[in-house]
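In order, the protein sequences belong to chains A and B. Residue 35 in our numbering sits at position 35 of the first sequence; the count goes up by one each step and never skips. Residue 431 in our numbering sits at position 11 of the second sequence; the count goes up by one each step and never skips.
Derived by calculation from the structure, the hints in this document are not laboratory data. Hints should not be assumed to be uniformly reliable.
[What the hints assert, rightly or not] Part of the chain A face toward chain B, derived, beta carbon under 7 Å:
{"no.": "1", "residue": "Q4"}
{"no.": "2", "residue": "G5"}
{"no.": "3", "residue": "I6"}
{"no.": "4", "residue": "S43"}
{"no.": "5", "residue": "E72"}
{"no.": "6", "residue": "Y76"}
{"no.": "7", "residue": "T119"}
{"no.": "8", "residue": "G123"}
{"no.": "9", "residue": "L188"}
Heads up, the beta-carbon is just placed ideally off N, CA and C, and yes, glycines get one too.
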Amino acid sequence: MAGQGIWWRIAWRNLWRNPRRTLITAGALAVGFFSAVVIVGISDGITREMVLNGTEVITGQIQIHSRGYRPERSIYETLGGREGVEVARLLTAVSEVPGVRGAAARVLGGGLVSSGAETVAVGLMGFDPELEPRVSRILTTVFEGRPPRRGAREILIGYETRRKLDVAPGDEVVLVAPAADGSMGNDLFVIAGVFRTGIYALDGHQALVPMGALQELMVLEPSRVHEVAVALVDAWAATRVAAELTTALTPMVDSIVAEPWTDFRAELQEYAALADAGNTIIVFIVFIMAIFGVANTLLMSTYERRREFAVVSALGTSRGSIARTVVFEGLVLGILGLTFGAVLTWPTMVWLHNDPIDLSRLVGDITMAGSLVRPVITVDYSVDGPVISAVALFVTSLVAAVFPAYRAVRIPPADALAGR
Amino acid sequence: MAIIDRHERRRRVLSALRVSVVTLTLSLAGVLGLSAQSARDIVDQVDRLLRGESSWSRVTMEIETEHWSRSLGLEVWSLGVDYAIVRVLEPLREAGTATLMADEEVWNYLPRVDRTIKVPPSLMMGSWMGSHFTHDDLVKESRMIEDYDIEIGFEGDRDGVTVWEFELTPKPEAPVVWGRVVQQVRKDDMMPTWARYYDEDGGLVRTIRFGELEVHDGRLIPTTLTLRPEDNPSESTTVTYHEIDFDIDIDVDFFSLRNLRARR
Numbered sequence: 001m002a003g004q005g006i007w008w009r010i011a012w013r014n015l016w017r018n019p020r021r022t023l024i025t026a027g028a029l030a031v032g033f034f035s036a037v038v039i040v041g042i043s044d045g046i047t048r049e050m051v052l053n054g055t056e057v058i059t060g061q062i063q064i065h066s067r068g069y070r071p072e073r074s075i076y077e078t079l080g081g082r083e084g085v086e087v088a089r090l091l092t093a094v095s096e097v098p099g100v101r102g103a104a105a106r107v108l109g110g111g112l113v114s115s116g117a118e119t120v121a122v123g124l125m126g127f128d129p130e131l132e133p134r135v136s137r138i139l140t141t142v143f144e145g146r147p148p149r150r151g152a153r154e155i156l157i158g159y160e161t162r163r164k165l166d167v168a169p170g171d172e173v174v175l176v177a178p179a180a181d182g183s184m185g186n187d188l189f190v191i192a193g194v195f196r197t198g199i200y201a202l203d204g205h206q207a208l209v210p211m212g213a214l215q216e217l218m219v220l221e222p223s224r225v226h227e228v229a230v231a232l233v234d235a236w237a238a239t240r241v242a243a244e245l246t247t248a249l250t251p252m253v254d255s256i257v258a259e260p261w262t263d264f265r266a267e268l269q270e271y272a273a274l275a276d277a278g279n280t281i282i283v284f285i286v287f288i289m290a291i292f293g294v295a296n297t298l299l300m301s302t303y304e305r306r307r308e309f310a311v312v313s314a315l316g317t318s319r320g321s322i323a324r325t326v327v328f329e330g331l332v333l334g335i336l337g338l339t340f341g342a343v344l345t346w347p348t349m350v351w352l353h354n355d356p357i358d359l360s361r362l363v364g365d366i367t368m369a370g371s372l373v374r375p376v377i378t379v380d381y382s383v384d385g386p387v388i389s390a391v392a393l394f395v396t397s398l399v400a401a402v403f404p405a406y407r408a409v410r411i412p413p414a415d416a417l418a419g420r
Numbered sequence: 421m422a423i424i425d426r427h428e429r430r431r432r433v434l435s436a437l438r439v440s441v442v443t444l445t446l447s448l449a450g451v452l453g454l455s456a457q458s459a460r461d462i463v464d465q466v467d468r469l470l471r472g473e474s475s476w477s478r479v480t481m482e483i484e485t486e487h488w489s490r491s492l493g494l495e496v497w498s499l500g501v502d503y504a505i506v507r508v509l510e511p512l513r514e515a516g517t518a519t520l521m522a523d524e525e526v527w528n529y530l531p532r533v534d535r536t537i538k539v540p541p542s543l544m545m546g547s548w549m550g551s552h553f554t555h556d557d558l559v560k561e562s563r564m565i566e567d568y569d570i571e572i573g574f575e576g577d578r579d580g581v582t583v584w585e586f587e588l589t590p591k592p593e594a595p596v597v598w599g600r601v602v603q604q605v606r607k608d609d610m611m612p613t614w615a616r617y618y619d620e621d622g623g624l625v626r627t628i629r630f631g632e633l634e635v636h637d638g639r640l641i642p643t644t645l646t647l648r649p650e651d652n653p654s655e656s657t658t659v660t661y662h663e664i665d666f667d668i669d670i671d672v673d674f675f676s677l678r679n680l681r682a683r684r
C-alpha cells in the first residue's frame with residue numbers, strides 16, 4: 001500500500017494544478033450521482049406506493065385459500081372443504097407466524113345488487129367488520145355513511161355502484177346471489193355506506209357485506225370461508241412468509257395454500273421488475289454521459305502535459321507508471337465527485353422521504369396496474385440505489401481514464417521534446 | 421293401463437299420420453331438390469315444435485351438478501319468440517319466483533323480498549336458476565332462423581336412422597355466442613335428436629339431447645331435453661314436459677311485470 005501512496009499523491013497534486021477544471025468535473029460527477037440516486041429513489045417510491053396501495057386497499061399481502069379455489073373462484077371451494085374450518089383457531093394460527101401483522105377471514109361470491117329498475121352485478125365480499133381493518137384499508141375509504149355492523153343485513157357499496165343504482169345510505173336494495181345449495185339466495189339489505197378507492201374495479205364492481213349475512217344468503221355454514229387475507233410487517237417478505245404459512249397450516253387444514261401478492265397481483269410484481277429495469281437504464285445513461293466529461297478533462301490535462309510525460313519517459317519511467325498517473329487521477333476525481341455527490345444527495349433524500357412533494361393539486365390520482373398511486377414525489381430509501389451508483393461512478397472514472405492514459409503512454413519522447 | 425294403452429294408440433296413429441305427411445313432403449322435396457330454403461324451413465319447424473304460436477306447459481327441471489342436485493317444478497307461458505313467463509311451483513321455499521322475458525329483457529320476481537329486478541345485460545350469460553341454461557338461452561334460443569345461416573351438413577344413415585344434420589352458422593351481425601351449432605333431425609318424423617353447440621374456436625361446449633317422444637295437444641314432441649356441458653359431463657340439466665297446450669288464448673298484455681308478481 002505504501003508503494004501506491006506515491007501515485008495517489010501525484011494524482012492529487014496534478015489535479016490541483018487546475019483547480020477550476022477539477023472542481024467542475026467533480027461537480028459533473030456529483031450531479032450524475034445525485035440524479036441517479038434520486039431518480040432511482042423516486043422510482044422505488046412509486047413502486048412501493050403502488051405495491052402497498054395495490055395490496056393494502058383490499059387484497060392483503062398474502063391470501064390463504066383452498067388449493068382448488070384459484071383461478072376459478074368456485075363458491076364451493078371453501079377452506080377445509082365441505083366441513084369448513086374453525087375460523088377463530090385458523091386466524092390465531094396465522095397470526096402466530098412471524099412476519100404476520102394481521103389476518104381476517106372472508107367469504108367471497110358474486111351476485112346482483114338491485115334497486116329495482118337498475119341492477120348491477122358485483123363481487124360480494126363477506127367480511128368481519130372488526131377484523132378487516134387489520135388487513136386492509138377498505139373501511140377507511142368509506143366516505144358516506146358508515147361500515148356495516150357485524151351480524152347486520154347491511155351492505156357497503158362502491159361509489160360507482162351507488163351512482164349506477166342511484167341510491168343513498170339508508171336505502172334498501174335487493175341482493176341476489178347463487179347459493180351453495182343451488183338456489184338463488186335473495187334478501188333485502190340496507191345500504192350502510194359507500195366507499196371510494198379511486199380504483200374503478202372496486203368502486204364499480206365490489207360490495208361488502210358482514211360475513212354472517214353473506215353466509216346466510218349463500219347457504220354456507222359459519223365454518224365455511226373462502227379466504228384468509230394477511231397483512232405483513234414487510235410486504236417484500238411475502239414470498240417467504242407465504243411459504244412458512246403454507247407449511248404451518250397444512251397439518252391443520254387439508255390442501256390449504258398461502259399465496260403472496262407477487263402471485264395474485266402479478267401485474268404489480270411485473271411493474272416492480274419493469275421499474276427496476278428502467279432504473280438500470282437511467283443509471284447507465286447518466287454514467288455514460290459522465291464518462292465523456294471525465295475523459296475530456298483527463299485528455300485535456302494529458303495533452304497539456306505532453307512535454308512532462310516526454311521528460312519522465314526519457315528519464316526511464318516505465319509506460320505502466322505513466323499510465324498509472326493518469327488512471328489514479330481518474331480515481332481521485334471519482335472520489336471527489338462521490339464526496340460532493342453524497343453531500344448533495346443525502347439531505348435531498350431525507351427531505352423527499354420525510355416531506356414528499358405533493359402534486360395532487362396539479363394532477364389527479366393515477367391508477368396504474370389496478371393500483372392507486374398518489375401524485376406525490378417521494379423517495380424510498382434503498383441500499384441498492386446509492387451503492388450501485390457509487391460503484392458505477394468509480395467504474396466510470398476508471399473507464400474514462402483508459403483512453404487518456406493510452407494517449408499519454410503513446411507520446412514519443414523525442415518528438416514531444418522537440419516540440420513537434 | 422287402459423289409459424296408457426289408449427294414449428299409446430293415439431300416439432301411434434298420430435305419428436303414423438305424421439310420418440305419411442312427412443313422407444309425402446320428402447318425396448316432393450326429393451323431386452324438387454332440397455334447397456337451402458327448405459333446410460331453413462325444417463329447422464324453423466323443429467324450433468317451433470315446443471312452442472307453437474303460444475303455449476302453456478308444466479315442466480320439471482332436474483339439475484345435477486358436482487355439488488348438489490335439485491328439481492324445480494315450473495309453469496311456463498309463451499307467446500311467439502319474444503314473450504315468456506316461467507314461474508317456480510316447487511320447491512315450496514322458492515315457489516312464486518318467476519322470470520319474465522319480454523323482447524330482449526329479462527326480469528326476475530323474488531317473492532321472498534317481493535321485488536322485481538331486471539337482469540343486467542352483463543349477466544345474460546349467467547345461469548338461470550342455477551341450471552345449465554343461461555338467461556340468454558331463454559331469450560335468444562328461439563330465433564334460430566333469424567340468427568343463423570343454415571346448411572345441410574350431413575344427410576343419410578346414423579345408426580340405422582335416416583337423419584339430417586344441419587350446420588347452423590351465426591350470421592355476421594347476429595348477437596349469438598356460439599361459433600356454430602349442429603342439429604340432428606330424424607327424417608322420418610322430423611324429430612330433433614340432438615343439438616351440439618360449439619364455441620368460436622370450434623370446441624364443443626354443450627350438447628342438448630331430445631327424447632321421450634309423446635303426443636301432447638295433438639302434436640308429437642320430444643318431452644325431455646337434456647343439456648350436458650362438455651367441460652363437466654357429469655353435470656346436466658333435464659327439462660321434462662308433463663303437460664303442454666299449444667295455441668292458447670293469450671296476448672302480449674299477459675307478459676307484464678304486474679302479472680309476473682301475481683300469485684295464482
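Hints and how they fare:
1. Q4: violated, 71 Å
2. G5: violated, 75 Å
3. I6: violated, 77 Å
4. S43: Violated: closest Cβ of chain B sits about 38 Å from S43 of chain A, beyond 7 Å.
5. E72: Hint on E72 of chain A: violated, closest Cβ of chain B at ~11 Å, above 7 Å.
6. Y76: Since chain B brings a Cβ to about 5 Å from Y76 of chain A, closer than 7 Å, the hint holds.
7. T119: holds, 5 Å
8. G123: violated, 12 Å
9. L188: holds, 5 Å
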